[in-house]
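Q: The lines below spell out each chain.
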Amino acid sequence: MISSSTLLGWSTFIYLGASVLYMMHWIFKLRPMGMIGTWTTALGIGVQTGGLVLRWIESYQMGYGHAPLSNLYESLVFFSWTTAITYLFMEFKTRNKIIGAFAMPFAAASMAYASFNPNVRDAIEPLIPALQSNWLLAHVITCFIGYAAFAVACGLGIMYLLKNIARDSEGRGLFAMLPNLRSLDELMHQTIIFGFLWLSVGIITGAVWANQAWGTYWSWDPKETWSLITWFVYAVALHARLVRGWKGTKIAYISIVGFCSVIFTYFGVNFLLSGLHSYGAQ
Amino acid sequence: MKAQKKSENSILNFLSSVKLAITIFIVLAVTSIIGTLIPQGESLQFYLERYGPNLFNIIKLLHLNDTYHSWWYLSLLGLFSLNLLVCISRRLPYTIELLKRDSLKVEPNKLERMPLKAKWTINSLIDKEREGSIVNALERMAGRVKRKRSISMEGENASSTLYLIEKGKLSYLGLYVLHFSLLIIFIGAIIGNYFGFGGSIMIGEGETADFIYRTGDNHRIPLGFSVRCDDFDIQFYDTGAPKLFKSHVTIIENDKEVMSHEILVNSPLTYKGVRFYQASYQPIPIITLKVTGSNGWEKEFSMPTFKKVPVDKEGFEMGIMRYLPKVHGVPAVRLWIGAADDDIEPQAIWILKGRDSEFTLKDREYRVSLENIENKYLTGLQVKKDPGVPLVYLGCLGLIVGIMVVFWMPHKKIWLLIERKNGVTDVLLAGQTNKNKGGFKKGFEEVRGAIEGVIERRKVS
Chain A
402 MISSSTLLGW STFIYLGASV LYMMHWIFKL RPMGMIGTWT TALGIGVQTG GLVLRWIESY
462 QMGYGHAPLS NLYESLVFFS WTTAITYLFM EFKTRNKIIG AFAMPFAAAS MAYASFNPNV
522 RDAIEPLIPA LQSNWLLAHV ITCFIGYAAF AVACGLGIMY LLKNIARDSE GRGLFAMLPN
582 LRSLDELMHQ TIIFGFLWLS VGIITGAVWA NQAWGTYWSW DPKETWSLIT WFVYAVALHA
642 RLVRGWKGTK IAYISIVGFC SVIFTYFGVN FLLSGLHSYG AQ
Chain B
5 MKAQKKSENS ILNFLSSVKL AITIFIVLAV TSIIGTLIPQ GESLQFYLER YGPNLFNIIK
65 LLHLNDTYHS WWYLSLLGLF SLNLLVCISR RLPYTIELLK RDSLKVEPNK LERMPLKAKW
125 TINSLIDKER EGSIVNALER MAGRVKRKRS ISMEGENASS TLYLIEKGKL SYLGLYVLHF
185 SLLIIFIGAI IGNYFGFGGS IMIGEGETAD FIYRTGDNHR IPLGFSVRCD DFDIQFYDTG
245 APKLFKSHVT IIENDKEVMS HEILVNSPLT YKGVRFYQAS YQPIPIITLK VTGSNGWEKE
305 FSMPTFKKVP VDKEGFEMGI MRYLPKVHGV PAVRLWIGAA DDDIEPQAIW ILKGRDSEFT
365 LKDREYRVSL ENIENKYLTG LQVKKDPGVP LVYLGCLGLI VGIMVVFWMP HKKIWLLIER
425 KNGVTDVLLA GQTNKNKGGF KKGFEEVRGA IEGVIERRKV S
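Just so you know, the sequences run in chain order A and B. The first sequence stops at residue 683 when you use my numbering, and every number in between is there. The second sequence stops at residue 465 when you use my numbering, and every number in between is there.
In silico DSSO-like cross-links for lysine-lysine, where the CA-CA straight-line distance does not exceed 27 Å: (1) A:Lys494 - B:Lys439; (2) A:Lys494 - B:Lys171; (3) B:Lys445 - A:Lys498; (4) A:Lys498 - B:Lys439; (5) A:Lys648 - B:Lys439; (6) A:Lys624 - B:Lys64; (7) A:Lys651 - B:Lys439; (8) B:Lys23 - A:Lys651; (9) A:Lys651 - B:Lys441; (10) A:Lys498 - B:Lys446; (11) B:Lys389 - A:Lys624; (12) A:Lys648 - B:Lys23; (13) B:Lys441 - A:Lys494; (14) B:Lys445 - A:Lys494.
By construction, these hints were calculated from the structure, which means they are not laboratory data. All figures in this text were calculated on a predicted structure; none of them were measured in a lab.
This is chain A alone, in the form it adopts within the complex (with noise of 0.2 Å):
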């Protein structure tokens, strides 16, 4: 039978030929790669949920029976998951493919990172009795959620400001070819919205689980502490727009920031800071 790391290992590679089509897509202008690029995306999709789903299974069958978001690994294949679904969801959304050259890659890489990293183990490992919770699924479900839609508004951001150098060229090259610099706002201020409150359920369900567990909803550790300031950069993105006005290029930077505290919530403290959520770096 099948394994689920075979299905996994696949879904890298479709993830991959799914952005290289975006790519094809928008800088050759060639519309049948983007509906290719769709169906890659939706096929990789797919794939990766039978994978994520199998290796749920195989971990019962291995006697520790827990689902897949446990360690590093598998937080990169969920992360890779959730940022697929929320491009394509906004592709049918928004009608557009070339937004895919710049979410996708983030799928892709996620995935590549967590497959051909020698560091990162994928053997599927029982739950030590920290991890023995059901607010496990919630907090890292609904972190992720957010982590995701802050990709995707990250590669938003850096579309706005390409089409932002491209304003003159006047429908000509490349970056005349993006969405209005409008609509990119718009989008990117929407995704922003739904990351945050994804992020906010997030820490929270974090705090809730850490009470259960420790009996602190709140111990400044640096996981914790980075996930605020992650938080507080988007809140800054929410008002300096709302009651001041910003929009584009000031709210494209923040979004780029707030992807690399994403980013450094995510791995950079479990590499280079120690604390409570150490095992994440398994």
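Following the hints, position chain B against chain A.
A: Then chain B, alone, in the frame of chain A:
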């Protein structure tokens, strides 16, 4: 805001500005990084060795060893709360004004100027039934008309009715729910800080504790009841990773057993607002020795390490100074032997399992054998009382609900004005929303289509 008011109170204006809020966000985000780079809560010696005397002085001055409880960080959080409170309070009257405003009392000519509108003119004075069918079309697409108003008009047979469908007016309050929720979280945290406590206790299997050691200063805090550890259990996976820690405990109050419960990681026990969490454990080897005297006397003793056991009948004491699980493949202990009266030199001997040792004391010879070693456990319980938690959770809930209302719950209004005048009937449809304008426009177009359908059909027949 009125200009006059602005000049009146510049401090209040400073505190109520969103500019300040954004500045505080940035300052909090940047300063919060410090505490993740410098290890927190270590001894002062640690910082001196690691960072050298110059940086050490800065760390000490700014309390960077406990950044998030330092005077400047707490002041920042205080300023943040104050800013939040003033900002929101000053906005409230405007929102109340907005809520009081009755959308039904809108001037008809204002409706005509709205970006989303449609107008039809029917060349007759329509009857009640036909008006009803138009209103029905509106209700079919946009929901029930809860309120309407007749507008008095001059002229014969002139009459005018304004219908209103309004949804989500209370969404303006979402902003307050969101921001006050943050304050509620802060209040919950402060309550927890002042009226709660945290500490820990290690209890051996079969032993009872009625106090805990407070975190930080190890001060003894009485619980008012006792906790007995009946049993501790630890299990491992094949990989060697821990699978489960479990303590079976009994709460005893006034010499009565009140409740028995299992405490696992992620599954604490709560009694009278005090929660007990499985936090750690410590194995305690209990060593059984058999001592045989040359006079034929023989007895078994079970003891942990570092505990003096009197051997009354023979007039000496013994205790285990050291336990090694493996020496030449067998367990070994170092036994200390001394007398209660100090007239003899204490002595120490090694005993390996399976190889007896001997010692002489007061002209008597003794033979000691290591009979058995059994692991007993101390369970480490984290103990916490935090009466602020319900408020914190309430605040969290409000925060999420608030975010959803603020960003996704629009205040939508659709007006339908039917005006009979000078032998013709004017039908005016207008709509307004404050969020998701694209989605609302789509819905509005559907309403327009439905009403147009009703009006056109009648025209043909």
